[in-house]
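Residue-level listing of the chains:
Number of protein chains: 2
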Amino acid sequence: MTEINPEEVLARFEELSVLESEFEDVELQIIRKSDALHAPLFQQRAAVIAKIPHFWALVFEQSPPEVDNYILPSDSQVFADCLETLEVSRFEMHMANGSPRSFSIKFGFSENSYFEDKLLEKKFWYRKAMDGDEWQGLVSEPVKIHWKKGRDLTGGLTDAAYALYEARKKLLAKSNGNAKSIETSLPEYKVLAKMIEQGEDASNSFFAWFGFVSSWRWVSAEESEQANKLEKERMEKRKRGEKVEDEAIDEDDQDFQEVEVFPQGDELATIIAEDMWPSAIKYFKQAHEADDDDGSDLEIEDFDEEDDSDGEIDIRGLVGKGQKSKGSSESPPPKKQRKN
Amino acid sequence: MTEINPEEVLARFEELSVLESEFEDVELQIIRKSDALHAPLFQQRAAVIAKIPHFWALVFEQSPPEVDNYILPSDSQVFADCLETLEVSRFEMHMANGSPRSFSIKFGFSENSYFEDKLLEKKFWYRKAMDGDEWQGLVSEPVKIHWKKGRDLTGGLTDAAYALYEARKKLLAKSNGNAKSIETSLPEYKVLAKMIEQGEDASNSFFAWFGFVSSWRWVSAEESEQANKLEKERMEKRKRGEKVEDEAIDEDDQDFQEVEVFPQGDELATIIAEDMWPSAIKYFKQAHEADDDDGSDLEIEDFDEEDDSDGEIDIRGLVGKGQKSKGSSESPPPKKQRKN
Numbered sequence: 014m015t016e017i018n019p020e021e022v023l024a025r026f027e028e029l030s031v032l033e034s035e036f037e038d039v040e041l042q043i044i045r046k047s048d049a050l051h052a053p054l055f056q057q058r059a060a061v062i063a064k065i066p067h068f069w070a071l072v073f074e075q076s077p078p079e080v081d082n083y084i085l086p087s088d089s090q091v092f093a094d095c096l097e098t099l100e101v102s103r104f105e106m107h108m109a110n111g112s113p114r115s116f117s118i119k120f121g122f123s124e125n126s127y128f129e130d131k132l133l134e135k136k137f138w139y140r141k142a143m144d145g146d147e148w149q150g151l152v153s154e155p156v157k158i159h160w161k162k163g164r165d166l167t168g169g170l171t172d173a174a175y176a177l178y179e180a181r182k183k184l185l186a187k188s189n190g191n192a193k194s195i196e197t198s199l200p201e202y203k204v205l206a207k208m209i210e211q212g213e214d215a216s217n218s219f220f221a222w223f224g225f226v227s228s229w230r231w232v233s234a235e236e237s238e239q240a241n242k243l244e245k246e247r248m249e250k251r252k253r254g255e256k257v258e259d260e261a262i263d264e265d266d267q268d269f270q271e272v273e274v275f276p277q278g279d280e281l282a283t284i285i286a287e288d289m290w291p292s293a294i295k296y297f298k299q300a301h302e303a304d305d306d307d308g309s310d311l312e313i314e315d316f317d318e319e320d321d322s323d324g325e326i327d328i329r330g331l332v333g334k335g336q337k338s339k340g341s342s343e344s345p346p347p348k349k350q351r352k353n
Numbered sequence: 014m015t016e017i018n019p020e021e022v023l024a025r026f027e028e029l030s031v032l033e034s035e036f037e038d039v040e041l042q043i044i045r046k047s048d049a050l051h052a053p054l055f056q057q058r059a060a061v062i063a064k065i066p067h068f069w070a071l072v073f074e075q076s077p078p079e080v081d082n083y084i085l086p087s088d089s090q091v092f093a094d095c096l097e098t099l100e101v102s103r104f105e106m107h108m109a110n111g112s113p114r115s116f117s118i119k120f121g122f123s124e125n126s127y128f129e130d131k132l133l134e135k136k137f138w139y140r141k142a143m144d145g146d147e148w149q150g151l152v153s154e155p156v157k158i159h160w161k162k163g164r165d166l167t168g169g170l171t172d173a174a175y176a177l178y179e180a181r182k183k184l185l186a187k188s189n190g191n192a193k194s195i196e197t198s199l200p201e202y203k204v205l206a207k208m209i210e211q212g213e214d215a216s217n218s219f220f221a222w223f224g225f226v227s228s229w230r231w232v233s234a235e236e237s238e239q240a241n242k243l244e245k246e247r248m249e250k251r252k253r254g255e256k257v258e259d260e261a262i263d264e265d266d267q268d269f270q271e272v273e274v275f276p277q278g279d280e281l282a283t284i285i286a287e288d289m290w291p292s293a294i295k296y297f298k299q300a301h302e303a304d305d306d307d308g309s310d311l312e313i314e315d316f317d318e319e320d321d322s323d324g325e326i327d328i329r330g331l332v333g334k335g336q337k338s339k340g341s342s343e344s345p346p347p348k349k350q351r352k353n
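Chains as they are written, first to last, in this note's numbering: chain G, 14 to 353; chain L, 14 to 353.
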């Protein structure tokens, strides 16, 4: 039996923590570099894509399972009908207290029968929480979708999430930010919690994702800035070899997920932003390769605008093409990928 | 019904292909940049890890499911007993015809009862195939493991894969590279194919991965160089707006996978190289966090060297720690990750 000195173990952990923070600095440098190198290519790509009808509908249809699993036939129908552009941008890249890990996903739509919006932008802020637990991750705000009458694919979820978010903002403004514990007494809270509880087994529309807030809890810009400052101070101490006390961990009993309409919203956003969007050409080609064998011409049908949510919809069927097939999102590229 | 002109579609595909090749150039630049920025940190990390017993065994135990699924209890036992170092390097980074996507994974072992080797190095070359199909991906060579008597965890698979590879090399040398079709008549081919067929349902040891060759077929450095040259010429033509003929696709009927001992070997290698290895500190901390609650001291047992493959082994149990728990390999980082 070899006993390891606990002091020794702690010292190693401190060293690893310092290294982790240096690795993180390098990651951020690489994200900046990568963004700068890719920017002109994404612009050129957008110009080519604009000439290809249904490009993004086909990409969503060939997307990795982590995305595709959230897309109902009725969502596919919306994409096929009117999704025109998709754009990811790292909007905090050059902001003083911003993070290169924050991003926005913009969906551009043509005139359609579902909602009034021509642009739906979902922003994700990379933030760090205070209060002992060192949570960091992506938080977002519910996006208001102006559904046309009787066309809301989410059964009121996005509206309810938006209403709670607005009510919460007012409550916080009134109470100088100390109202965390009474949020649960808001009528909008009760409405949304009940909707989620009752719809638990129903599979949600992809569009419910626009109502996502956090996979843990909402973290404000101010809190995150304070947490980052504190973390930096602790890291400086570690680098000087000073002992850093563990903060008391303030366990919070509130179940924040009770009012979260799309619990995996951050993971889904990350896969769209870091895989589906940058590799869109690959997925688009896969949609065509799967079709190579049936020899049919490329024809785009005008879609029936009626909601056809009672059956499995194959977008490639809708655009006059063959069987659906799934490619792998893993590198290396799919076996025997064909040149065009 | 909107009809799209097939000529128009082809023109868009050509434009997308040119863009894809420009994206690939940027990816390679980023890999080079990332490698240069990370190198000093990985060196510092290795120095800290050297002071922490069982670091890599704990990392393997907390590895993402895509890795963990391939690790049998008997493999965990080997890692716990004698795995000392793990190192990923991009060994073709500065070679004229090399690819920054090629990498090697080096496993360093202490004296042990399983095999004679102190170092097992598995190399993966990123290569492109000729013959119409545009396959590109990672190929490898079987690594000879000098198993001690009665200790071969793969039941002879690595030996058989290595024997076929050696026989194949001799055959190719004798026939100036034109022997592809008679490879299947080699006695070593038949032996290995039969072993794989018979063992189809048995779950293989992780160590069978050292016998991996390709998820499609072996591609030589010469072939890859030729294919890259041809691809470059075609891309130059495309950029000048010249029409590029599709090459005839020479469908090959041979089932190369008949003698592949570890069909997902390239995917496993990629996840080790691009996730588990760079994020090792995160996985190591997860192993400790899962343990935080039981308050036990850190004790390292001397492992019983008997093979204990008849039950589930918990490495953290072996090192005197608590229950096994799985973290997520997805970003953002796990919820409520604790600072140390």
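Because the hints were derived from the structure by calculation, they are not lab data.
Do not take every clue at face value.
As the list claims (entries may be wrong) - Residues from chain L that face chain G, not an exhaustive set, calculated with beta carbons under 10 Å: (1) Glu28; (2) Leu32; (3) Glu40; (4) Arg58; (5) Glu179; (6) Ala180; (7) Lys183; (8) Leu184; (9) Leu185.
Even glycine gets a Cβ: it sits at the ideal position worked out from N, Cα and C.
Evaluation of the provided hints:
1. The beta carbon of Glu28(L) comes within 5 Å of a beta carbon in chain G, closer than 10 Å, and the hint placing it at the interface holds.
2. The interface hint given for Leu32(L) holds, since its Cβ lies 6 Å from the closest Cβ of chain G, which is under the 10 Å cut-off.
3. The beta carbon of Glu40(L) is positioned within 10 Å of a beta carbon in chain G (closest approach about 9 Å), and the interface hint is therefore held.
4. Satisfaction of the interface hint for Arg58(L) is found here, the shortest Cβ-Cβ separation to chain G being roughly 5 Å, below the 10 Å cut-off.
5. Hint on Glu179(L) is violated. Least Cβ distance to chain G is approximately 26 Å, over the 10 Å limit.
6. Of the supplied interface hints, the one on Ala180(L) is violated, with its beta-carbon coming no nearer than about 25 Å to a beta-carbon of chain G, more than 10 Å.
7. Evaluation of the Lys183(L) hint against chain G yields a violated restraint, the C-beta minimum of about 28 Å exceeding 10 Å.
8. Below 10 Å, beta-carbon pairs count as interface contacts, and Leu184(L) has none with chain G, the closest being about 25 Å; its hint is therefore violated.
9. Restraint check, Leu185(L) versus chain G: the minimum CB separation of about 23 Å is more than 10 Å; hint violated.
Of the hints listed earlier, those the structure fails to meet are numbers 5, 6, 7, 8, 9, in rising order.
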